[in-house]
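Please take these sequences and the hints and turn them into a complete structure.
These are the residues of each chain, in order.
Number of protein chains: 2
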Amino acid sequence: MSETEEAQAAVAGLVPRLRRICGEDGVLTDTAQRRTYESDGLPHHRALPGVVVLPTTADQVAAVVRLCAENGVPFVPRGAGTGLSGGALPRAEGVLLVTSRMRRILEIDVENECAVVEPGVANLDVTRAAAPHGYYYAPDPSSQQVCSVGGNVAENSGGAHCLKYGFTVNHVRGLDIVTPAGEQVSLGGKNPGAHGYDLVGAFIGSEGTLGVATRITVGLTRSPERTVTLLSAFTSMDAGGRAVSSIISAGVLPSAVEMMDALAIEAAERAVACDYPEGAAAVLVVELDGPAAEVEAQLAEVTRLCAEAGAFETRAASDADERARIWKGRKSAFAAVGRISPAYIVQDGVVPRTALPEVLRRITELSAASGIRVANVFHAGDGNLHPLVLFDDAEPGAAERAEEVSGAILDLCIEHGGSITGEHGVGVDKACKMPRMYGPDDLATFDLFRRALDPGGLANPDKLLPTPRLCGERPGVRTGVHPLVEAGKAEQF
Amino acid sequence: MSETEEAQAAVAGLVPRLRRICGEDGVLTDTAQRRTYESDGLPHHRALPGVVVLPTTADQVAAVVRLCAENGVPFVPRGAGTGLSGGALPRAEGVLLVTSRMRRILEIDVENECAVVEPGVANLDVTRAAAPHGYYYAPDPSSQQVCSVGGNVAENSGGAHCLKYGFTVNHVRGLDIVTPAGEQVSLGGKNPGAHGYDLVGAFIGSEGTLGVATRITVGLTRSPERTVTLLSAFTSMDAGGRAVSSIISAGVLPSAVEMMDALAIEAAERAVACDYPEGAAAVLVVELDGPAAEVEAQLAEVTRLCAEAGAFETRAASDADERARIWKGRKSAFAAVGRISPAYIVQDGVVPRTALPEVLRRITELSAASGIRVANVFHAGDGNLHPLVLFDDAEPGAAERAEEVSGAILDLCIEHGGSITGEHGVGVDKACKMPRMYGPDDLATFDLFRRALDPGGLANPDKLLPTPRLCGERPGVRTGVHPLVEAGKAEQF
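These protein sequence lines are chains A and Y, in that order. With UniProt numbering applied, the first sequence corresponds to residues 1 to 493, in that order. With UniProt numbering applied, the second sequence corresponds to residues 1 to 493, in that order.
I should point out that these hints are in silico values taken from the structure, not numbers from a laboratory. Computed from a predicted structure; not experimentally measured. Please note that a few of the clues may not be correct.
Which copy is meant is left open, so a pair is good if it fits within one copy or across any two.
Stated by the list, open to error - Mimicking SDA-like on lysine to any residue, the simulated pairs with C-alpha atoms at most 25 Å apart in a straight line are:
id	residue 1	residue 2
1	Lys190	Trp327
2	Lys164	Ala297
3	Lys190	Arg242
4	Lys190	Ala355
5	Lys164	Val346
6	Lys164	Arg226
Here's what the structure looks like:
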């Protein structure tokens, strides 16, 4: 037997014990069933998991993880599988631990303004449960109807309203986790005080490399008295960018400032007929929320600032239907590009807000030089870009060129002092990019921390941090910008 | 030589090399000079440091820490020494690393709404530097005129405005640290994205056990358009407590809700003649800030809610002088108790807001039963109690009885689902209390993390986590409430 076959045999050997832990229907070994789980929302990375388990309790999770630890078998946790960085990519010689059956909302505690949930609960279901009490759960990834709170914790998910309300890490107060050794540990709580190491924060965004969350306490946010959504249309991206800068500089803090370019607008129109103003080269979606008096004052100011920046039309929607129509275009944009391109890559990078106009111009140049179309849909308020790199997968070499453009955009982000991911996480997709953000000592410190909790390296290996096997022998040494974005070189490809 | 003498000789042997690193005037060996540093703001724990170093750069800090690591000598980092949990208690056989000469504000970055500072910078100096740009640094411990930002990071300091603005951890974006191995590592940054482990959060509140921060990037908060401070007086603590509950339940989010009882008011009056309403058994200080329209609306609502709860007088102050007068009483309260008691202990605990009235009643009972007076001054909005336990240190046994009452108050906090510290930290004072908050597996996980970065146990030993040497052989096993607070027992002592 090869080493690979031996490893696969090891995981197969665990099946009877896994069945005793999770029950007959809690363990999937059939190839067709396992196939369902071979990728998450990053479809070009695929692997058939050795076995899939569906635990229903923290004790079952702990028993599965302990069994893995005792037998040197790796495990990969997975929520709803909507992640965009391959954080839940399974391993052929490993256990895929899926939390989808742990979906109880255990408590809505109005006094303490929090909810206690199991990891498989869908993000939007927290808001649905809190709404009758006048609260909601603030982090709102585009996938919020299906993505799980546990997955949000793993990836520190954001959403359109991060600008004002922050990321998952800003809302989680407490976690019960199962460590890679199979121990059940409580971190934080409903009213966390200032004591001990704040490992809640370190766990959030750890992508399953520090264990599995089995119970999550999230803060709830009071539903605002008033919410208004503006749609403002511009004849150039530069004008839209100027509007963003002047809104932020004026000290208005909208809950969301989203931007779409002409290609993204075209895709959204074809897909959902969102009726955005005709002839727009850029639209801004600006949402304001808070006490009615404050929102009214901000609405007037934002409308004025957009006009000053060159908006040729600004509409305000305050009832739920009108607001939903405006958001429909924005929220469908990712899926909608399927209408104008056979295939695409969703990139996720961050630039300081001040560098936005420059980076957008450079993306346009990259696109022109490579013949690869790029649609821009992004959280403009916090500089979180989501370029959609379009290509035809039937055309030979197109996928590779698209990957190159996508990588070059990330290099632009780094070059301008930004970062390699805003909210989609590192996963398997960007683990090899980490040395671009961190020096060898920084990465060594991360690794010390990881190995402290997971000395055997069994908890979601190869995700989050670079490994020599996947990233080359010397993952720490790649420096400088991508060759494609070095000054003057972009037009050569 | 005894083991202690050998250890002291080891640190003395480092002096020539420390002088080469920090310069002649950067190393203090004289006993009188070292005496200055023998305690922080928790004066009943004292130790003369083996040697005191005053580095001026991160490289010097790294060199000192490396020297300690190579020679197995412990080090204790210290900022301004205002901490209240003994986190900077020196060691006789160790190096005390004082950051007071690293006090440059390196940058005020208005575009990115942040400041980059050295660890020795005084908290209030960040606000002074940001104010001309319309910004301030939100965390505001009572000691903010002198306490250092580095010390705030070590203890995750709060302040009167935590209720709305959070703790230090909510404002620090990036840290350059020197690890216990002497390596210089960067965590986070001006625009941190969602990648890697969030060790910024884990470092904050780590009390020097994970190393020394040498450069700190903090977010700045825009100065509010309007700020109003209310002083509301009640004839009972219960009525004041009811007002707090109804303000919070109404969805108003004041920036501060502070409460003082009759004894604290008496002390403040004697010390600073703050002119609080006569005959008050409790006062609330409520501060509202934000856009003018919002503040006006909230002011009317809070005034009404206080009246409904039984306030016999409510004053609103909106100019800076009037506001300062109201705050003067509150902010001087700790020092002011010196006017009514020869000695006192400042306790720091948290209870869920809903348990406040019950816990305050129990504190009154404890005080009556023991004959030890307790003055209550606290952040009512977030349930962070600061009982001042008064005693006469000339009276035999009084200090011990005061310690017992102080400990029993902490037990009450734990019993009611709260925690052992709100903002003063764990330090040496409460390390042995950690097993009351955490189970053995939780503490073991903390310890794994600590030892990953500090395998030699040289970075501020004996702080933050319980050690058998100081807490008894089995620090993990003490459970249940303090004997003094068991039902019906309080009156027996």
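Checked hints:
| no. | hint | in the structure |
| --- | --- | --- |
| 1 | Lys190 x Trp327 | neither (33 Å within a copy, 30 Å between copies) |
| 2 | Lys164 x Ala297 | both (17 Å within a copy, 22 Å between copies) |
| 3 | Lys190 x Arg242 | between (42 Å within a copy, 22 Å between copies) |
| 4 | Lys190 x Ala355 | between (39 Å within a copy, 14 Å between copies) |
| 5 | Lys164 x Val346 | within (24 Å within a copy, 36 Å between copies) |
| 6 | Lys164 x Arg226 | both (15 Å within a copy, 20 Å between copies) |
This entry does not satisfy hint 1, going by the numbered hints stated previously; all others are met.
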